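Asker: In case you want the letters, here they are:
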Amino acid sequence: MLQPDTIQHSAHPVLSVTDLKTHFFTDAGVIKAVNGVTLSVNEGETLAIVGESGSGKSVTGLTVMRLLARTTAKVVGGSIHFHGRDNVSTDLLALSEKAMSRIRGHDIAMIFQDPMSSLNPVFTVGDQVGEPLRVHKGLNKREARLQAIELLRQVGISSPEKRVDAYPHELSGGMRQRVMIAVALACDPRLLIADEPTTALDVTIQAQIIDLLRKLQQERRMAMVFVTHDLKLVKQIADRVAVMYASQVVEEGPVDEVLANPRHPYTRALLDCIPSRRDGSGNRRSLQPIPGTMPNPLSPPAGCRFHARCSYALPACIVSEPELQATDGKHVTRCIRWQEIAP
Amino acid sequence: MMLAENSEVQPVDQRPLVSVTGLSKQFPVRGNSWGAPAQAVRAVEDVDLTVAPGEVLGVVGESGSGKSTVGRLLLRLVEPSAGKVIFDGQDLGDLGPDELRKFRRHMQMIFQDPFASLNARMTVGDALMEPLKLHRQQRGRAAEDEAVALLEKVGLSADHFKRYPRAFSGGQRQRIAIARALASSPRFIVADEPVSALDVSVQAEVLNLMQNLQQELGLALLFISHDLSVVEVITDRVMVLYLGRVMEVARTEELYDNPAHPYTAALLQAAPGYAGESRQILGGEIPSPIAPPSGCVFRTRCPFALAECAQTVPALREVRPGHYKACIRDDIAL
Ligand SMILES: Nc1ncnc2c1ncn2[C@@H]1O[C@H](COP(=O)(O)OP(=O)(O)OP(=O)(O)O)[C@@H](O)[C@H]1O
Ligand SMILES: Nc1ncnc2c1ncn2[C@@H]1O[C@H](COP(=O)(O)OP(=O)(O)OP(=O)(O)O)[C@@H](O)[C@H]1O
Ligand code: SF4
Ligand code: SF4
Ligand SMILES: [Mg+2]
Ligand SMILES: [Mg+2]
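Protein chains in written order, with our numbering: chain A, 23 to 365; chain B, -4 to 329.
List of simulated lysine to any residue pairs, SDA-like, C-alpha gap at most 20 angstroms:
#, chain 1, residue 1, chain 2, residue 2
1, A, Lys257, B, Ser224
2, A, Lys237, B, Gly279
3, A, Lys237, B, Gly278
Listed below are several chain A residues computed to face chain B (Cβ distance under 7 angstroms; list not exhaustive):
#, residue
4, Ala229
5, Cys295
6, Ser298
7, Ile312
Rough simulated footprint, nothing fancy, chain B against chain A, three-plus residues with beta-carbon under 8 angstroms:
#, stretch
8, 221 to 228
9, 245 to 255
Don't read these hints as lab results, they were simulated from the structure.
These figures come from a predicted structure and were not determined experimentally.
No residue lacks a Cβ here, since even glycine has one placed at the ideal position from N, Cα and C.
For reference, chain B alone in the conformation it holds in the complex:
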């Protein structure tokens, strides 16, 4: 399956910036001395996706569904067990360590915990000049000016240049992390739960900032979050993960208005803001990723599961233009 081939999802003339096929990652779990065998956590299984230039793709799913691992695989911060990541025509797997380091200027990451992602002993100015030096060969006065320009871009000022991260609030630190990610002039950013640790008023501020910058700079964004209301606001398309597999992908409005996969429907109904009439609460919990269920991985919690659901892994197939789901049933009303 190639999402990119669908003209409804991506205009034909627009080549995807990031394109991923068959991406899988297993983390080995060592056996122990009592004879438990070595096993593997199947964190990501056979994921295909594309991100167009300037597009915001949301990734949602419950804890352990593989969201962060997908993000890290896209930037090749972890080696895939299988599959390819192609960035603007370049297969990242073909790059050596040095080439990869240089290539990273095009792809940056923002994390949930802005404090952990900034070096406490580096002033904000130094933290911003580091990538400028590394990726853009800027030094001295030019780098300083550029760093101040970056601070201003994220709503801070030259006054903040010489301060240390601890002097900033959570929202300000996240602004600094965003400025740092922008320093190398990337075209693609993976934002992993960037507003999850923030209070709602600060979250609104940071979301607005990200949205404005993304539009102004034409950035492509992989926006990872477990908060469906945040994802609805900022994304163009959404991909739903469960136990490392893609359950559904669609344009944001389409996904929220007409979810086609039982898991997506369940997630939307479980969200605290759910406004619909009847609310079905999904029972059970996510099974272990060491031994995921056979066939459809969602079948142990799916209210619509049939005997066939245990047989084969449902393929991701197009149910409406640009709207894909991995579920064998078309006869269910969600």
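Extracted from the complex, chain A is given alone in its bound form:
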């Protein structure tokens, strides 16, 4: 079990998730999509959640937003605390749906990977950017439109006075993602959850969007959770990183520290998979795939979930699930042999 005080939260993290468990009850069985996730993010800070497909990144974000269908998804354990501007800490899981809908899109906003499916094709860009302002801030149509134009300008859309009346299909993928950011930022949220917001975009547009997010986040002192499968992006956007594997956070800490000095074999192995022809000293480096495959989410292995693929595994690793341990004040890992893992 996780000791809440292993992770040194600063005075009041904007978000703190503790030992969260979100399970899907399906015909095929129970999928423990999120199974003991602990993380936190402070004001003005970006936490990246990185992990391979199916590791539980999106389900973590959607659970915080309370956007999962109650019919199959159940939060079976843990807590999610949100610390608002009013200096009050709220347990999001305890809120009524009505109370949650006042927070969602206002204090906490989310951006998704595919802007086309999250923008409504029959409403103009202005309607959609203005909507949270009408709903949460009580602006009238005209005021909301003026604010929407200003927001579109802030997210780098040229001639916003014209674009405000455009429909999503009239915009490029990069522009739609900017519109999504404008929608998310309309009410000046304290926390932004961005779930792979640039994965579908070209590199030059991706660089523009990352730059924009970083700038807006710093201006507004927003807390941001940035979900990605790309470790290379993590360095550019985040202050801290949480590495997920098979429904759990296996390592978390400051980005520079975790990437330069990983203390979990999975993080190390992921870094070795990143294509790069030359190492730091200019020599050719060969790719080192991780042996084996991801565990089946319906029947995860006992003990450490990474043991079957881990080059450090010992018999003890199969006996019980390792706990998150602090390697120093800010860096935690879920591996019993972390001290022996050479950087």
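Assemble chain B with the ligands onto chain A, guided by the hints.
Answerer: Chain B with the ligands only, in chain A's frame:
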């Protein structure tokens, strides 16, 4: 311009396996009933390239730059609007439909989505025996043995022979697609974003496999990807496309270390792994391929554009041995 004539790029004694000149493709866009005129998407414009036997040529560029269209033109899966593709001395344009079908055994394709490229109702064994029968006249026991040998070559086993594609993970399906492409013993493979849909650990596995097979079999490969780090690992040379035109071609290390075209430099700096000091982020977006800018197609986003850049299309010219760029300026530091 003939790249093949340059002795630095290709040893003189080695004739290119694939050689392409003046390749263009326009896709017609129909006018509509409100009177919009019929137009054309200029997907590929005046591309020259060569691939030597056993060489891996990378093709990079943003979405819509024409990468896939170039690959499909090389295999003549689409008819060019202009230009020639010569494969080992044979002009593909001279082949009739039947001859072309037979000729395809020499040139195969691997796609991004391994699921879509495999027939869901065919077992893996049948999917592999089909090209063996068609191209190598193998049947029965011989074909089965050969199919199993192919599975083993890509790191699978005889156990997988009777299974259907849905029973395989993304990485395994891509292995099957590779085995199928190898079945006809081709000399050239166009791989169109073959690892883009895969997780990084699986991507590393498939890249290693492709690299090993390519070297072992002496295959020539056109490796299409928008991921510069993947391209850096697997290719010998790289061609950079923008709006259907070649911006730059060079040996891989040379291109990554000393990009000569402003667009290449911008792409490298935009890549998430960029390690350099100052990072200039390219503004704007790719213009419409229906009405590309006059002169240099990159000029609307180029930080170095001059008035002359709008006048004529810059020729691809050699700036260092084996290193070509289509930019009129030599006075810029990238
Ligand atoms: N609505 C659902 N019903 C059942 N299972 C689900 C549902 N949503 C997600 N899952 C499962 O939960 C696990 C975690 O999924 P999640 O979407 O969080 O992964 P992810 O880390 O975001 O992956 P990706 O990088 O592919 O987006 C996966 O095994 C997935 O199949
Ligand atoms: N069959 C077609 N009909 C009409 N236009 C087409 C067709 N195929 C491609 N195009 C257009 O040609 C241009 C080049 O497309 P292509 O698919 O070659 O680009 P790409 O570089 O492979 O892009 P991506 O990275 O998105 O795969 C695009 O503008 C595309 O819309
Ligand atoms: S606990 Fe054991 S199996 Fe798990 S990561 Fe650490 S060494 Fe490997
Ligand atoms: S020709 Fe002009 S516009 Fe084109 S890349 Fe060179 S400097 Fe830029
Ligand atoms: Mg996801
Ligand atoms: Mg393509």
